[in-house]
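*Asks:* If you want the building blocks of each chain, they are given just below.
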Amino acid sequence: MEPRHDLLKSSSDSLLLSLLERQPLYGYKIVKELEEKSQGYFKLKEGTLYPALHRLEKSGLITGKWQMLPNGRQRRYYFITEKGLAKLTTEKTQWQDFLQAVRLILEPYPSGR
Amino acid sequence: MTSELIQYLENIKYRSRLNRPDDTGVMSELKAHIEDKLQELTSSGLTEAEATKVCLGQMGTTQLVARRIYEAYSQGSWPQVLLAAMPHLLFGLLFILNWWHYPGWLSIVLILTLATTVYGWWHGKPSWVFSWLGYTLLPVLILGLLMLYLPRVWSMLTLFIYLPLAMWWLFRLIIQTTRRDWLFSSLMLLPLPIIIGWYLAVSPEGKFNGTSLQRLDYFAPWIGLSFIALALTIAAFLRIRQRSLRVGLLAVSGLLTLTLVAYYTVGRLNTFTFLGLVLVMWGVLLVPAVLERFLGYDRLTGLKRRGAIGDSGGEVDRRET
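So the protein sequences, as listed, match chains Z and G. Reminder that position 75 of the first sequence reads as 75 in this note's numbering, one-by-one numbering, no gaps. Reminder that position 76 of the second sequence reads as 76 in this note's numbering, one-by-one numbering, no gaps.
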């Protein structure tokens with residue numbers, strides 16, 4: 001099923017921060033990781049990833065550094081900052097509370113009730 | 001990389017209206033991403049043409065990507081907002097505090113305006129410089145008007161040499177600003193209808209004399225207030241990310257300020273003059289947008305001449321207004 005655009009938009013910052021919490025990544029790799037880890041659920045228009053990353057960078061939540069590859073090409077790796085980690089912790093708690101509340105409403109009552 | 005992909009990147013660069021230091025980094029990243037994507041697709045057995053088609057489909061349209069880039073970079077920081085609103089605040093204070101009487105204060109404000117504009121213009125034309133730039137045009141205009149009052153030979157020189165030169169300089173300035181973003185040209189020219197409105201209110205006969213000075217003194221607080229309204233407009237403009245909202249803000253704020261001028265001058269601006277000023281205001285907003293379309297064609301034609309875009313590229317990709 002295709003994810004709803006507004007849901008993806010509101011969660012994109014948390015998703016990106018969460019991926020970068022595990023390891024520094026460059027744009028193309030982020031797209032791949034997002035798709036793989038969500039089993040193909042999250043497929044964003046790849047060009048729109050960079051504005052989202054730059055917005056996070058401007059807010060001081062991540063930082064980017066160009067790195068030269070052995071073949072002479074350059075890639076920009078993104079690292080999560082302390083501020084980003086703190087923001088991610090808060091957002092994770094908010095998401096978990098939200099999901100738990102939604103589950104309580106949407107899931108059927110346990111059998112026997 | 002195929003000409004289609006080069007055109008794709010060029011269009012994003014053109015539409016996103018980035019300032020030069022930002023644009024190099026953003027475009028290099030997008031280019032690196034496309035190269036990785038093409039490599040992966042061609043290794044999986046696709047031809048270059050097929051890989052290009054898939055790549056373009058998955059990257060997103062130039063409008064979408066450019067709009068997101070614009071929104072990520074367009075918002076000014078609070079120091080930039082303060083700097084951009086400063087010339088309007090300074091001119092507002094000149095009138096509210098009645099400092100416009102003193103040549104010393106006037107000279108300080110004009111020198112500060114000129115120095116800040118020159119500094120900003122030669123240091124990458126940041127978004128805050130364009131509100132200063134508008135006021136730099138003011139002394140040129142005033143000097144031209146004053147020279148018309150000089151003896152006949154001087155007024156002829158003004159009419160046939162000074163004014164055409166000043167207009168040529170103004171036109172070049174507008175073209176250079178429009179190349180960066182037509183909205184900055186509108187921002188730069190925004191005080192023009194307001195200043196003309198006040199000029200017509202204090203000198204309805206078209207000549208500035210003693211009575212005009214008395215009227216100027218009487219209207220000074222309201223003149224100051226209209227400049228403060230412009231300062232607030234600039235502050236909101238720089239904080240808003242969405243382009244369509246920025247256009248709407250300039251249009252609404254310009255008209256409201258003009259209405260304020262008409263309201264406080266109680267009958268000095270007749271309906272015909274007011275409508276004329278509204279037309280000037282629309283001109284300030286629309287002429288730079290139209291000019292940008294022409295410059296856009298010129299630029300894309302230049303790219304084709306250099307071979308960066310194939311003629312088979314089809315439709316010319318225009319900027320969104």
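Calculated from the structure, these hints are not laboratory results. A hint or two may mislead.
The calculated label-pair distances, taken between Cβ atoms and stated as ranges, are [what the hints assert, rightly or not]:
{"#": "1", "chain 1": "G", "residue 1": "TYR263", "chain 2": "Z", "residue 2": "LEU104", "range": "52 to 60 Å"}
{"#": "2", "chain 1": "Z", "residue 1": "LYS43", "chain 2": "G", "residue 2": "ALA166", "range": "51 to 59 Å"}
{"#": "3", "chain 1": "G", "residue 1": "LEU295", "chain 2": "Z", "residue 2": "GLU82", "range": "40 to 48 Å"}
{"#": "4", "chain 1": "Z", "residue 1": "THR89", "chain 2": "G", "residue 2": "GLY283", "range": "37 to 45 Å"}
{"#": "5", "chain 1": "Z", "residue 1": "LYS83", "chain 2": "G", "residue 2": "PRO221", "range": "41 to 49 Å"}
{"#": "6", "chain 1": "Z", "residue 1": "THR63", "chain 2": "G", "residue 2": "ALA166", "range": "46 to 54 Å"}
{"#": "7", "chain 1": "Z", "residue 1": "SER14", "chain 2": "G", "residue 2": "PRO103", "range": "53 to 61 Å"}
{"#": "8", "chain 1": "Z", "residue 1": "THR63", "chain 2": "G", "residue 2": "LEU260", "range": "56 to 64 Å"}
{"#": "9", "chain 1": "Z", "residue 1": "GLU36", "chain 2": "G", "residue 2": "LYS53", "range": "31 to 39 Å"}
{"#": "10", "chain 1": "Z", "residue 1": "LYS83", "chain 2": "G", "residue 2": "GLN242", "range": "48 to 56 Å"}
{"#": "11", "chain 1": "Z", "residue 1": "LYS58", "chain 2": "G", "residue 2": "TYR263", "range": "53 to 61 Å"}
Straight-line alpha carbon distances no greater than 20 Å define the calculated DMTMM-like cross-link-like pairs of lysine to aspartate or glutamate that follow [unchecked claim]:
{"#": "12", "chain 1": "Z", "residue 1": "LYS65", "chain 2": "G", "residue 2": "GLU4"}
{"#": "13", "chain 1": "G", "residue 1": "LYS53", "chain 2": "G", "residue 2": "ASP23"}
{"#": "14", "chain 1": "Z", "residue 1": "LYS32", "chain 2": "G", "residue 2": "GLU4"}
Glycine included, every Cβ here is placed at the ideal spot set by N, Cα and C.
*Asks:* For every hint, state whether the structure bears it out.
*Replies:* Status of each hint after checking the structure:
The supplied range of 52 to 60 Å is met by G:TYR263 and Z:LEU104, whose beta-carbon atoms lie about 57 Å from each other. At about 56 Å, the beta-carbon gap between Z:LYS43 and G:ALA166 stays in the expected band of 51 to 59 Å. Checked against the given bound of 40 to 48 Å, the beta carbons of G:LEU295 and Z:GLU82, roughly 45 Å apart, stay inside it. For the pair Z:THR89 and G:GLY283, the supplied restraint of 37 to 45 Å is violated, since their beta-carbon distance comes to about 53 Å.
Taken as a hint, the range 41 to 49 Å holds for the pair Z:LYS83 and G:PRO221, whose Cβ atoms sit roughly 45 Å apart. The beta-carbon spacing between Z:THR63 and G:ALA166, approximately 48 Å, falls within the hinted interval of 46 to 54 Å. The hinted range of 53 to 61 Å is satisfied by Z:SER14 and G:PRO103, whose Cβ atoms lie roughly 59 Å apart. In this structure the hint that Z:THR63 and G:LEU260 lie 56 to 64 Å apart at CB is violated, the actual value being about 46 Å.
A C-beta distance of roughly 23 Å is found between Z:GLU36 and G:LYS53, which places it outside the suggested range of 31 to 39 Å. Range check, Z:LYS83 to G:GLN242: about 26 Å between beta-carbon atoms, so the 48 to 56 Å window is missed. At about 41 Å, the CB distance of Z:LYS58 to G:TYR263 disagrees with the hint of 53 to 61 Å. Restraint check: the Cα-Cα separation between Z:LYS65 and G:GLU4 comes to about 29 Å, which exceeds 20 Å; the hinted pair is violated.
With a C-alpha separation of about 25 Å, the suggested pairing of G:LYS53 with G:ASP23 is violated against the 20 Å cut-off. For the suggested pair Z:LYS32 and G:GLU4, the alpha carbons sit about 24 Å apart, so the restraint of at most 20 Å is broken.
The structure does not agree with the numbered hints 4, 8, 9, 10, 11, 12, 13 and 14 stated previously, though it agrees with the rest.
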